[in-house]
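Novice: Modelling step: build the complete structure from the supplied sequences, incorporating the hints.
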Amino acid sequence: MSTYAGDRTTGFASPAADSVEGPIDLSEVLDLRRPSRYPVRVRGATFAARGILDGDVLIADTAAQAKGGDLVVASASGTAILAELKANKGQWWLISGDNSHAPIRVDPAQDVEIWAAVTGVVREKP
Amino acid sequence: MTVYGLIDCNSFYCSCQRAFEPRLKRLPVVVLSNNDGCAIARTKEAKALGIKMGEPCHLVREQRKLSGVQWYSSNYPLYADMSRRVYQVLLDHAPRVEPYSIDEMFLDLTGLPGDLSQRCDDMRAAVEQITKIPTCVGWGPTKAIAKLANYIAKDRPEMEGLCDLTNEQTRNRFYRNLPVSEVWGIGRRLAARLDDTGIRTIAQFVNAPPAHIRKIAAIIGVRLQAELRGESCLQLSEVAAQRHGLACTRSFGRPITTHSDMSEAVTGFAVRASEKLRAEKLDAAHVSVFIQTNRHKRDEGWYANQASLTCAPTSNTLALTAIAMRLLRTIWKDGFRYAKAGVMLNDLAPAGTQHTLFDIPSEQDTALMGTMDAVNQRFGRGALRPLSAGVERSWRPRQNMLSPRFTTNVHEIMEASSF
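Protein sequences, first through last, are from chains S and U. For the first sequence, full-length UniProt numbering gives the first residue as 1, with consecutive numbering after it. For the second sequence, full-length UniProt numbering gives the first residue as 1, with consecutive numbering after it.
Heads up, a few of these hints could be off.
To give a feel for the contact side, a few chain U residues facing chain S, derived at Cβ under 7 Å [to be verified]:
(1) P22
(2) L66
(3) Q70
(4) Q88
(5) L91
(6) I130
(7) P134
(8) S417
It should be emphasised that the hints constitute simulated quantities derived from the structure, not laboratory data. Just so you know, even glycine gets a beta-carbon here, dropped at the ideal spot from N, CA and C.
Specialist: Set out below in structure tokens:
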């Protein structure tokens, strides 16, 4: 396909011909090609205080090690949720963003598991 | 010493579905073939309910004991992306990886420091954490042994997903107790012929005189014998060899009875096949078209035919479609209910290397095809296609139980509710 990128001019040679860098590729910035990166759509706004709104796209990383205070995507009672991770007395808990739910203890035996750590957020139409 | 590994994803298609839907974790899951026909992947819960590989979904679906089964149409865009992820994780653990099939990869584990069992266990854990797909790993001095080790790792829960066949004594113990049909490349027919000469276990196969094996299974058999003895004959190939042919075939969602519907379908196959051709930068010089009725419903009338034509090497959609249409006209017969058709391209060679004197492709053609591919890349497959490929396409394969394409389409990604 013919694409003009600021380099191959027809009359005067472009002084920028050797300096073309192309547009910014956000999937590269967000490192979406990494096998551990998954985009996840948020439903609900209980984490509005942390800047996460309904419809936002989270960048979830299944290889990243989440620590206390981090946001995580987790599975609990068969659904995926966005929650804050908190350590308490040697155990991990999933905390609601607006205290609308009681904390849930992370326990793979009860199918409450951390799926991925949230490493970024994208908003298409603010 | 060379060490090959084989890592295999457990119920790969089902595991891909489970990765993004936590509610499926303990439920029986079945993925169906094209057209929602037969079971092609089952979780262990589904196997325990007695669902067999290849079982037609519509025959068993209504059974009360299967009411909890989660059926899915095959979602190949999802499986392809998950396969890529598995492959990339593996590259962090082994210097060379051969993607042997969508759910199995050979590994070069030669000379890696540390305990190999520990390494393979770490590798399994990493694949499962990152892709959510459980796997089994087997390894040994040859590819055939690695493949067998993988089978043992998968088949015997007490192995906990790992099987090391680097040791000859260990190998011989398994060889004495395993049927020869478990060897990579020994199919049912070959196994039956071996059985006729008294060869039932792998040990019997390995210890048989090579001349005898050559008579039954030709050079392939002799090579397998050597591989199973620990002499490596098959190398790791990191990329697929150049194709000799390329096909696009489908079963229809409903029988096709008119020439116009069939023309649409065959045009669609020619379009897709030429796209694949261009993606691999190849030209084809031989085109075949086939059509056939349902083999299992011969009482409705049985007809199958194929026609082929040699042409000037090309990857041009419009040229290949025109040839496919001509071929279809020569084999089309009214009055049948067609169930399947396809377009096959052969005599492939790198694009532009074998032009004849008379058919020099114009620059415009190349540009047109490039643009068409770019548009389809951006707006989805089939966004720009010849009108003859149809608008409604009601014969398209059924995919009534398709899950979202969780990783390849931004409108279908996984959702998480804000807690």
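Novice: Does P22 (chain U) meet its interface restraint, that is, does its C-beta lie within less than 7 Å of any C-beta in chain S?
Specialist: This interface hint holds because 3 Å falls under the 7 Å limit.
Novice: Min Cβ distance, P134 (chain U) to chain S: is it shorter than 7 Å?
Specialist: 14 Å, violated
Novice: Regarding the hint that S417 (chain U) lies at the interface with chain S, is the smallest CB-CB distance below 7 Å?
Specialist: With a minimum Cβ separation of about 5 Å from chain S (threshold 7 Å), the hint on S417 (chain U) holds.
Novice: Report holds or violated for the interface hint on I130 (chain U), using the least CB-CB distance to chain S and a cut-off of 7 Å.
Specialist: 5 Å, holds
Novice: Would the stated hint for L91 (chain U) survive a check requiring a Cβ distance to chain S of less than 7 Å?
Specialist: Violated - the Cβ of L91 (chain U) stays beyond 7 Å from chain S, reaching only about 9 Å at its closest.
Novice: Let's test the interface hint: is any C-beta of chain S closer than 7 Å to that of Q88 (chain U)?
Specialist: 4 Å, holds
Novice: Quick check on Q70 (chain U) please, does its C-beta sit within 7 Å of some C-beta on chain S?
Specialist: Constraint on Q70 (chain U) not satisfied, violated at 12 Å.
Novice: Holds or violated: L66 (chain U) as interface residue toward chain S, Cβ cutoff 7 Å?
Specialist: This hint is violated: L66 (chain U) lies away from chain S, its Cβ roughly 20 Å from the closest one there, beyond 7 Å.
Comparing the model with each numbered hint stated earlier shows that hints 2, 3, 5, 7 do not hold.
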